[in-house]
Amino acid sequence: MSHDPAHLTIPWKGVCGMNPHRRHPFIFSSAMLVYVFLYAPIIVLILFSFNASRANVTFEGFVPTFSDKVVMDGSLVKASPCGPFHWFCELAKDKDVAEAAGNTLTIAIVSTLVSSVIGTMAALALQRYEFKLKPFSQLSLYIPIVIPEIVMGIGILTLFSQLFGVINGSLGLTGDSRLSMGLGTVIVSHIAFSVPFVTLVVQARLQGFDKSYEEAAMDLGANEWTTFRRVTLPMILPGVLSGALLAFTLSLDDFVITFFTNGPGSTTLPIYVYGLLRRIITPQVNALSTVWILTVFSVVLILQWLQTREAKQH
Amino acid sequence: MLKRLRENKSAQGTLLATPTMLWMIGLLIIPLLLTLVVSFGQRSPDGDVIYSFSLDNYIRLFGYSTDCDNGQASCFDPLYLQILWRSLTLAFNTTVLVILLAYPLAYFIARAHPLRRNTFLFMVLIPLWTNFVIRVYAWMMLLRTQGVINLGLGWLAGLFNIPFTPLEMLYTPGAVLVGMVYEFLPFMILPIYTSLEKIDNSLYEAAADLGANGLKTFARVTLPLSMPGVVAGTILVFIPVMGTFIVSDILGGRQVILVGNLIQRQFLDARDPTFGSAASLILMIMTLIVTYFYTRKFGFGEEIVVA
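Chains Z and F, in that order, are what the protein sequence lines are. Residue 23 in our numbering sits at position 22 of the first sequence; the count goes up by one each step and never skips. Residue 63 in our numbering sits at position 60 of the second sequence; the count goes up by one each step and never skips.
Quick caveat, the hints were computed from the structure, so don't treat them as lab data. The beta-carbon is built from N, C-alpha and C at its ideal position, and this holds for glycine as well. Some hints could be false.
In silico lysine-lysine, DSBU-like type, Cα no more than 35 Å apart, as pairs [to be verified]:
(1) Lys201(F) <-> Lys135(Z)
(2) Lys201(F) <-> Lys212(Z)
(3) Lys219(F) <-> Lys300(F)
(4) Lys313(Z) <-> Lys201(F)
(5) Lys133(Z) <-> Lys300(F)
(6) Lys94(Z) <-> Lys135(Z)
Footprint (simulated), chain Z over chain F, 3 or more residues, beta carbon under 8 Å [said to hold, decoys possible]:
(7) 79-93
(8) 227-238
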């Protein structure tokens with residue numbers, strides 16, 4: 002690209018013509034290669050979910066014909082009522098997967114609701130009020146960012162196991178009434194790592210807007226609650242929603258904390274998949290991954306679409 | 004009572020922050036303190052914790068061993084130090100590779116047409132939303148001896164009539180490195196993009212007016228101004244790589260043992276929470292030291308929250 006000053010006078014070239022890096026072939030090709038690196042594994046993963054080979058080591062072609070029942074030849078699926086979607090049908094029949102999916106959603110929804118509410122409250126406190134423990138509170142929010150997740154995971158595991166040991170021992174609880182790891186401990190732990198992120202996101206949003214709107218509402222006779230409901234909340238709502246979305250995705254994706262805090266009956270999808278990876282891997286794992294990827298992808302697309310529609314209306 | 008609360012701003016603030024603080028104290032600070040206490044304890048024969056003040060776990064981590072080959076009572080065994088060093092170098096190598104891959108892409112997105120920027124950014128996020136464990140599995144499929152990469156290489160070799168023996172890629176340190184780079188790449192792209200996007204176009208114009216060429220503009224304008232993004236990305240990549248155990252577990256097999264694997268095994272298979280706690284504290288101290296010196300030199304990027 003030329004650096005001739007004459008370029009600067011051509012109006013339609015605009016600012017772009019002056020940026021010496023723009024559309025540099027090196028930048029463009031390395032960016033495209035990184036995209037290939039990001040997507041190739043995912044595409045292979047999806048392709049293999051249609052694999053006819055049960056061993057799933059090499060791709061032996063798509064599961065061929067539709068038929069009344071599953072026909073196997075060694076480890077090859079010769080025919081299936083679902084045709085190429087054989088492994089998706091197997092997945093739908095799997096009770097463990099259904100239970101893990103249910104747990105994953107329950108944990109994500111409950112922990113998102115709680116962490117969005119209390120995180121927003123904390124963000125308001127840190128941004129709008131002065132109180133004694135404010136510096137300490139602010140600092141503590143950075144702990145999950147600067148320590149590895151496994152440190153937090155084993156800490157929480159130790160806490161619960163020691164605590165439950167003491168409680169079970171002193172109350173003489175036995176059998177089913179004993180406190181143990183389960184959905185409860187996973188949810189409580191997920192709230193712990195989500196809250197700081199919600200708080201920081203909402204705080205960033207609160208920083209951006211003017212306190213005088215709230216003061217005006219108060220001057221006009223609105224009490225704190227009305228001011229919050231009618232002025233503050235509508236203004237910070239986008240921040241709260243993006244904080245909630247972040248909390249939701251963190252919870253869905255979490256492996257480490259769940260790994261250390263789950264118990265019988267509280268297996269989540271990531272834990273379930275990890276268990277499978279250490280044993281036998283059939284294309285059913287790929288089918289599960291494909292469903293997961295497509296679900297997340299479509300949810301995000303819908304959210305994006307809603308957001309742009311909202312933006313156009315205003 | 005309610006009236007007094009209404010007038011007392013400080014009490015209101017405390018009240019609003021209380022639920023979050025309960026969680027932070029109960030599930031972050033107390034567990035960390037408990038880990039510290041347990042790390043000085045001793046293991047009971049059935050895998051419970053005996054509270055005491057003993058430095059045995061730390062001494063063992065730093066190479067003191069009572070399990071010697073030559074019949075001596077004690078000897079130096081660098082096993083755990085090697086694991087710590089391996090984790091540290093892996094985290095370092097991963098971070099460097101991730102920066103090298105992330106920077107051109109972040110630059111490309113930041114310089115793209117504003118209408119296309121969101122799409123390109125969105126394309127970085129999609130792999131991030133597929134699950135962490137699923138992404139490791141995808142690499143397992145690619146790297147296997149009969150996996151996709153060897154299949155492709157074999158096909159290429161066949162085209163040129165070169166004899167080809169499949170490469171053993173899975174269960175090697177290289178596989179773990181590739182897996183780590185893949186897992187954490189988006190966490191570097193986003194903060195670098197954020198800081199690159201903030202750079203005013205007029206700065207490029209000024210550099211061009213003053214006669215700087217492409218490379219010089221990059222070295223004197225672009226790179227220094229994007230450092231906050233690189234710093235934030237480094238923190239977001241380095242810290243989790245130090246503690247992750249799934250990638251090495253699945254892609255490294257039993258060949259590549261990192262601190263994360265060591266800790267996990269103490270809590271599950273070996274049932275020695277006291278030794279696991281000591282290892283986890285050392286891990287935490289190592290990441291804090293590295294983060295401290297790194298941020299003291301380059302500052303703590305605000306981009307960290309944006310990402």
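Violating hint indices (sorted, rising): 6, 7 and 8
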